[in-house]
Structures are given as C-alpha cells and as structure tokens.
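S.K.: The residues making up each chain are set out below.
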Amino acid sequence: MSATLARLYPESLPLCQLPAGESARVQALSGETAFCQRLRELGFGERTFVTKISGRGPFICVVNGCRLALSHDAAACILVEPTGLRK
Amino acid sequence: MSAPSPAPAAPRSAPVYALVGNPNCGKSTLFNALTGLKQKVGNYPGVTVERKVGTAYTQHGQPLTLIDLPGAYSLAARSPDEAVTRDVLLGRRADTPTPDRIICIADATNLERNLYLVHQILDLGRPVILVLNMMDLAAQAGLTVRADHLSRELGIPVIPCEAAHGKGLIELKLALSRPDLPLPRHAWDIPAALAPAVSELQASLSAQDGKAPLVARAEALLLLTDPDPVRVAGSTPLSAATARILESWKQRWSSDGTDCSGTLVAARYDAIGRLARETIVPPATGAHPTAADATLALSDRIDAVATHPVWGWVIFASIMATMFLGIFTLAGIPMGWIESLMGWLGDHVSALLPPGDFHDLVIDGALAGIGGVIIFLPQILILFFFIGLLESTGYMARAAFIMDRVMSRVGLNGKSFIPLLSSYACAIPGIMAARTIEEPKDRLATILVAPFMSCSARLPVYLLLIAALVSSNEVPLGTQVGLMLLMYFLGTAGAFAFAWLFKKTLLRGAPPLMIMELPPYRLPRLRDVAWQMWERGAVFVKRAGTVILALSIVLWFLANFPKPPAVAEGEPPVDALAHSFAGRAGHAIEPLIAPLGFDWRIGIGLIQSFAAREVFNSSMGVIFAVEESDDEAATQAHLRDALRTAVRPDGTPLFTPLVCLSLMVFYVFAMQCISTIAVVKRETAGWKWPLFQLAYMTGTAWLACFILYQVGRALGF
Ligand SMILES: Nc1nc2c(ncn2[C@@H]2O[C@H](COP(=O)(O)OP(=O)(O)O)[C@@H](O)[C@H]2O)c(=O)[nH]1
Ligand SMILES: [Mg+2]
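One line per chain: the protein sequences are X and V, in this order. Residue numbers for the first sequence follow the working numbering, so the first one is 1 and each next one is one higher. Residue numbers for the second sequence follow the working numbering, so the first one is 1 and each next one is one higher.
Next up, chain X with everything else stripped away, as it sits in the complex (with noise of 0.2 Å):
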C-alpha cells in the first residue's frame, strides 16, 4: 500500500488486514491499472460495502451478494474502511 494513499486515509487498512467477519467500505485501489479496473468492473470499486468471510489468504469476500476468491496481493491492493460491523 503506498503511502500517499495511507496518509489520504489515516482510518484505513488493506483487505487482507481486515479481520474475518468484519464488513468494511472500500476506500481506495492500488496497483496496476488494469487490475483496478477489473475490480471495479466486478462491481469492488470505490464505496462499495465488503465483507470478508475467511480469514485466511486466499480471502473470500462478499460484494453486492457474490462470493469472491482474492489472492493475498489482490487483497493488499483494497484499501478499505472498517465500519465495525460484523456478519
């Protein structure tokens, strides 16, 4: 995660940090182009409400009702506010 972008959100984390069962608001998204706009593409763009289900990398996450598998990097590249509420 750069730091330019930990800095625009002092309240934020990478994915892959976000605890099991947590739900979080995607703040922002790092890293190659073409990637981002693949996320975004699957509906995981900016604002949109996550919640990841396991823990462990590879993470699942829900968006907008769809399961998604992420690799430990992929997660690195969300970078996503915490909205303390749980599944």
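No wet-lab data here; the hints were simulated from the structure. The C-beta atom is built at its ideal place from N, Cα and C for all residues, glycine as well. Any given hint could turn out to be false.
What the hints assert, rightly or not - Simulated restraints on C-beta separations:
(1) X:Gly57 <-> V:Trp188: 20 to 28 Å
(2) V:Ala192 <-> X:Glu81: 39 to 47 Å
(3) V:Ala493 <-> X:Gly57: 21 to 29 Å
(4) X:Glu81 <-> V:Glu247: 33 to 41 Å
(5) X:Gly57 <-> V:Ala266: 26 to 34 Å
(6) V:Val305 <-> X:Gly57: 12 to 20 Å
(7) X:Gly57 <-> V:Gly36: 43 to 51 Å
(8) V:Gly36 <-> X:Glu81: 15 to 23 Å
(9) X:Ser30 <-> V:Ala594: 52 to 60 Å
(10) V:Gln251 <-> X:Ser30: 35 to 43 Å
Said to hold, decoys possible - Partner residues are not named here, just some residues of chain X that face chain V (Cβ under 10 Å, in silico):
(11) Leu13
(12) Gln17
(13) Gln27
(14) Gly31
(15) Val62
(16) Cys77
(17) Glu81
Fit chain V with the ligands to the given chain X structure using the hints.
M.R.: Coordinates of chain V with the ligands only, in the frame set by chain X:
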C-alpha cells in the same frame, strides 16, 4: 478493419445470434436448450478458444445460427477467452460473421454486476434481447424482478427465464421470431471529461477503420478501458491514425492526472446501479436483499468446511484420489473392450486384404496407430466426467482457491491448477484450459510446464517397464504402485520447479493478483456433464482419426522403407529394421543416448514415441519380434519376456533394472508428443515457445537420465 463492414441490407438465409453473458450465468445451459443436438464444437482459428455454433429455431420454425461465446465480465478483455467474445461482437474476426442480433444473459440474483456487460453491449447499436436467467433462485431469495420495467427503460425485450428447467424458452423463441426488434433506447452520459476524446476517436474509427457510426462509438469507449488490448490471432488491428489519437489522449490524461478508465467504469456503474435498484425489489422484511438467500447461506456453510485450511485439504485430497482411482481402475474394463474391438477389426481387415505392403500399412500402420490412441478414450471420458462434475457443482473454483496457496509459492495462481490437473489425462485439454488465465506470463508458464504432468499415454510405458524391471512374473503390488507414484511425483515436482524457475527468470512478473468468482454450490446436472464428456470424446476421436492416423502411416513407412537388399542363399540376412529409415535414425542418435543406457533399438522407440508415447510399446513389440496373440495379457507377458531376454551385442542384458528406470525417467521429463507441440504452437502463435519447450524438457530428461544411469553404474547396478 481493412474492409468496411458488409451492408446489413443483404438478406441471409439464417440470421446469426450471439449468446453473451458473465461466466456461470447459464449460457451453455440455454444454448443446449435452444439448439439441442444441432451444434458444432470447434476452435477459433489461431487460438484454442472453443467455438460453439448451433442451429436453433424460432417459435415460427425459422432456423437461426446461434454462437455461444465464452463467458466474459467485460468487453475490456483480460484473457484470450474474453478477447474472442469482444472481437466477435465487434466484428473484428474474419472467421466469424458479425452477429446480427445479440442475446444477453444476466443472472437475476446478481443483476447489477451482470448488467455491466449488458450495458457495454447496448452501446453496440445492435438489436439485443436480454434474458434474465435463474429466476427460480431469485424467487427463492425473495427478490421481485420487474422485468417489464427494465424492458421499458432499455427499450429491448427482457425475458425472465429458468434455463435449467426450460421455463421462459417459448417467450424467448417468440422474441427471436420478431422481425422488427427495436434498437436499444439507451442513453447514458459519457463523463464530460472524456467526451471530447470519445468523439475524436469515434470520428477516426469511422473514417480510418471503416466502422459503422454506433460501433465506432462503442469501440471508442472500449479503447479507453482496454489499455493494452489482448490481441488474439485472427483479429484485425487498429489503424495507425486511430492508435496515434489514442496515444496522445493518454499522454494528456496521465499528465493532468485523469483516471479515464476509473471514471468511465464509475459512470457506467452509476447508470446500472439506478437500473438495478428500480428493477429488483428486495424482500420486504430483510434490510439487506441478499441476506435472505438461503442457497448462499448454505454455500457459505459448505465453504466453511471446503475451504478450511485443514478440512479443505482433506476433502480436496479425497476427491483427487477418487478421481485418479477412477481413471486408472474403472477405465480398465472399457479399455479391454476397445482392445478386443480393435483386435477383431484387425483380424477381419487382415483377412480381407492380400498380404503385402498395403496389408501391413493398414494393419500395422493405420489400425495399430489409431488403436494405440483410441484406447485412452475411456480415461479421457472419466476425467471429463469428474471435471464436469466438479465444475457444475461449483467445487472447481474452490479447488483452485485451495491450490492458490501452493501455486503462489512458485509464482502462479490458483487458476493454473485446472490446466495442470487436466494434463494428467492429456496435455492437450490441459493446455487448452489455460486460456482462462489472465496474465499472459502466467499462462505461458503454465503451458510450458503442463506436459510434465504424467499423461495417460505414459501409463502403458511405465507399466511395461515396471514389469520388465522386476524379476518375478507377478509384479508385487507395492513395487508397482510405489514406482508409479514415484513417476507421477517426479513429473509434478518437475512442473512446479520449472514454473518457479520460469517465473523467476524468463517470465518474471509481478506476483499474480488472483480474483475469482466463487459460484454458489449447485446440484450437478448430469445431462450437462454427459454433454461435455460427449463433446470432449468427439474431439479426441476426431483427432485420432486425422492427425494420429496420418502420423502413424508416416511412422510405419519410416520403419519399413527402404527395404533391405535381397541377399544370396546362405549369407546372413540384412536386418530389415536396421536398414529402414527408422533404424538408421536409431543408429544416428545412438551416440547421444548411449550415456543414458539406451541402444539404437530403444532409440527407434523414443523417436516413434513422438507420434504418441504409448507407441513405444508396439514399437518394442515389432523390434523384438513378439508374436501377437489373441490374449492381450499373453502378448504383454511375451513382450515383457522379450525385453528381459534382449541382449546387447556383447551378450549382456539390455533392459537391466537401471536401464528400465532410466527409460521411465526419460518418459517422465521428455517432450515427446507432436500433438502437444502443435497445440502449443497454435496457442502461443509461433514456433518459438514449442521449440523452446521441446529443447528444455528433453534436455532435462537427458540430464536426469545421464546422472541416474552414470551414478547407478558407478554404484555397481
Ligand atoms: N437454479 C438454476 N440453475 C441454473 C439455471 N440455469 C443454469 N443453471 C445452472 O447454472 C450452472 C452454470 O450454468 P452454465 O450453463 O454452465 O453457465 P455458463 O458458464 O454461463 O455456460 C449450471 O450448474 C446450471 O445447471 C436456472 O435457471 N436456474
Ligand atoms: Mg459455458
């Protein structure tokens, strides 16, 4: 495009419809329901992406051509699969007619995400029919789907459907027969920051690339989100003028910090989000629409076990074990039938033809060659039965998920698992399955190592050599299984080691970022599984009847010509085999393979194995003049005994245990399959990678055998 698109006025006998949708939305199910048996499976020339075309009928009996396109999430392609879908829809492929009308399928339980692709397709300015599939699941989840509202908003027919249960098909066929499908009435605002670029690109695309105005607009939008378009063989490139305009806009945006792709996707999602909210009415009680979905809740419970760090592996290992047991035990019975059938055929044809070269060509060349390959049909069918089962239940994605951790150690991701798994049966479907891998370098690495997985063609060779290796007539089960597992392990380890090496050196890239949809678990539909087995089987049989047949005839010729010169009475006869092209080739490579413990006769077997590895067995049979008997077991025993008694010129036995072992290791690592080379060439669009693969794999085999044989000799074996 070099030529302007054909005028739409010319009436064609059967209109062409394309079927598009996200992966797992029920496309194939609908395709099968509409076309029944009237379908043809092939490949798009130049890429190993499957192309399915069928004939369907409208409700009024008019025939129409239906193309089942590969599943895609977006027209901005990330894999060769998606690139084909994009190129067919945009009329970029010369080998496929541009569809006249498009049937979009969307999963009603996940409408918003599915509408993204639909939204892109509506831009194309072609008549679209939208099918909302999985209505039963949507109803179960308590969702009310207002299809009529969506239809009014988009200005196209929207048809609720349950493809798996045949519901909604009549309504769909009625829509297909409408002669006057309206063009989508579909407005969305291109973000102001990008509008000038879109119009400039659009103008250039219609002037320079000969695109129709609406297609030009759609392509212009696509170019902005398709930054490094996956170009596949057979698609026409962009004109230089348009490419320049695109480049200059990109530079401008990168200097002023505009994220053009992000802006575009967000603008689409704004439009889609509104549509989806108006179309789908969530259940009244639950605050969150998806929370009510019982199927998903069950799926999550299964996943808690199936993707568990411990139980997940236990389940995975048991499924794999069952599958391999099935392939290697169950298949034995039908393989016996095929064997007797081929034997019966051989006897009858043999009786019909007068003795002579033609007789030998048909029996020893053509029939033996085809028989040697067709025999693996049961194993291939069983493999595809399991793969079909795993796919249609949704487990396959979980297997890839579990394997991701292992694969990421060597720099690949979980998606490479399925190609490697298929390669245990045959590298060809394995290499074809690699087409879903997005990252070109990961895809290439997977293709390069896939043939290391011991395919079923190596199995008979291992079995013969293990039998020749042990001295007793009954091979102890422990030895056989142990040696067999060792060979499978060696191949698998080689594949992982080389994948790691390639990803560290030649194909260095960022760590793969895997994102993969996990479809909900579903009960398998056996009819669809059977379909897939049938399709794969047909492709396999067709290959045996064409490529393998031709190769077998060539090999037979090489082993039988030129004929030895006639010798006078009393002189020792000239060895016909040694005199043939194959014999000479065997002699020619003998210096190269002698350090591995092989002589020229084994050399002939190695060369002939290039047609198909299992040809080694029949070639040993010919060389060591084993009498064929009706009983296959007896023939095998003869062959084994012949190998045991074969000697070198100095009288020492040829097939010592060490030589047998060395030969097996050679078969594990060497690239000895012309069909695989041909597929890799097609897949990587050139000779570079298949030749590299041939060299590095065979080099590895040589080195491994050299070390094994020389060390073994030094230790006194
Ligand atoms: N419940 C339900 N399942 C369906 C329906 N249509 C398809 N399926 C199932 O969805 C799965 C994926 O379908 P498939 O046709 O292979 O999807 P494709 O990837 O788009 O070709 C299969 O297991 C089908 O049996 C439907 O209308 N209702
Ligand atoms: Mg399909």
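S.K.: Next step is simple, just say for each hint if it's right about the structure.
M.R.: Status of the hints after comparison with the structure:
Here the CB-CB span from Gly57 (chain X) to Trp188 (chain V) is close to 37 Å, at odds with the stated 20 to 28 Å. Here the CB-CB span from Ala192 (chain V) to Glu81 (chain X) is close to 29 Å, at odds with the stated 39 to 47 Å. A C-beta distance of roughly 24 Å is found between Ala493 (chain V) and Gly57 (chain X), which places it inside the suggested range of 21 to 29 Å. Range check, Glu81 (chain X) to Glu247 (chain V): Cβ separation about 37 Å, and the 33 to 41 Å hint holds.
At roughly 28 Å, the beta carbons of Gly57 (chain X) and Ala266 (chain V) sit within the given window of 26 to 34 Å. Distance hint check: the CB atoms of Val305 (chain V) and Gly57 (chain X) are about 18 Å apart, consistent with the given range 12 to 20 Å. Checked against the hint of 43 to 51 Å, the pair Gly57 (chain X) and Gly36 (chain V) passes, with Cβ atoms roughly 45 Å apart. Hint check: Gly36 (chain V) to Glu81 (chain X), Cβ distance near 52 Å, so the stated range 15 to 23 Å is violated.
Between Ser30 (chain X) and Ala594 (chain V) the C-beta distance comes to about 58 Å, which sits within the given range of 52 to 60 Å. As the Cβ distance of Gln251 (chain V) to Ser30 (chain X) is approximately 22 Å, the hint placing it in 35 to 43 Å is violated. Taking 10 Å as the C-beta contact cut-off toward chain V, the hint placing Leu13 (chain X) at the interface is violated, the least distance being around 18 Å. With 10 Å as the threshold, the beta carbon of Gln17 (chain X) stays out of range of chain V, its nearest partner Cβ sitting at about 17 Å, so the hint is violated.
For Gln27 (chain X), the suggested interface contact is broken, since its CB lies about 14 Å from the closest CB of chain V, more than 10 Å. A cut of 10 Å between beta carbons decides the hint on Gly31 (chain X): the least distance to chain V is about 7 Å, and the hint holds. With 10 Å as the threshold, the beta carbon of Val62 (chain X) comes within range of chain V, its nearest partner Cβ sitting at about 8 Å, so the hint holds. About 7 Å separates the beta-carbon of Cys77 (chain X) from the nearest beta-carbon of chain V, less than 10 Å, and the hint is met.
With 10 Å as the threshold, the beta carbon of Glu81 (chain X) stays out of range of chain V, its nearest partner Cβ sitting at about 18 Å, so the hint is violated.
Against the hints set out earlier in the document, violations occur for numbers 1, 2, 8, 10, 11, 12, 13, 17.
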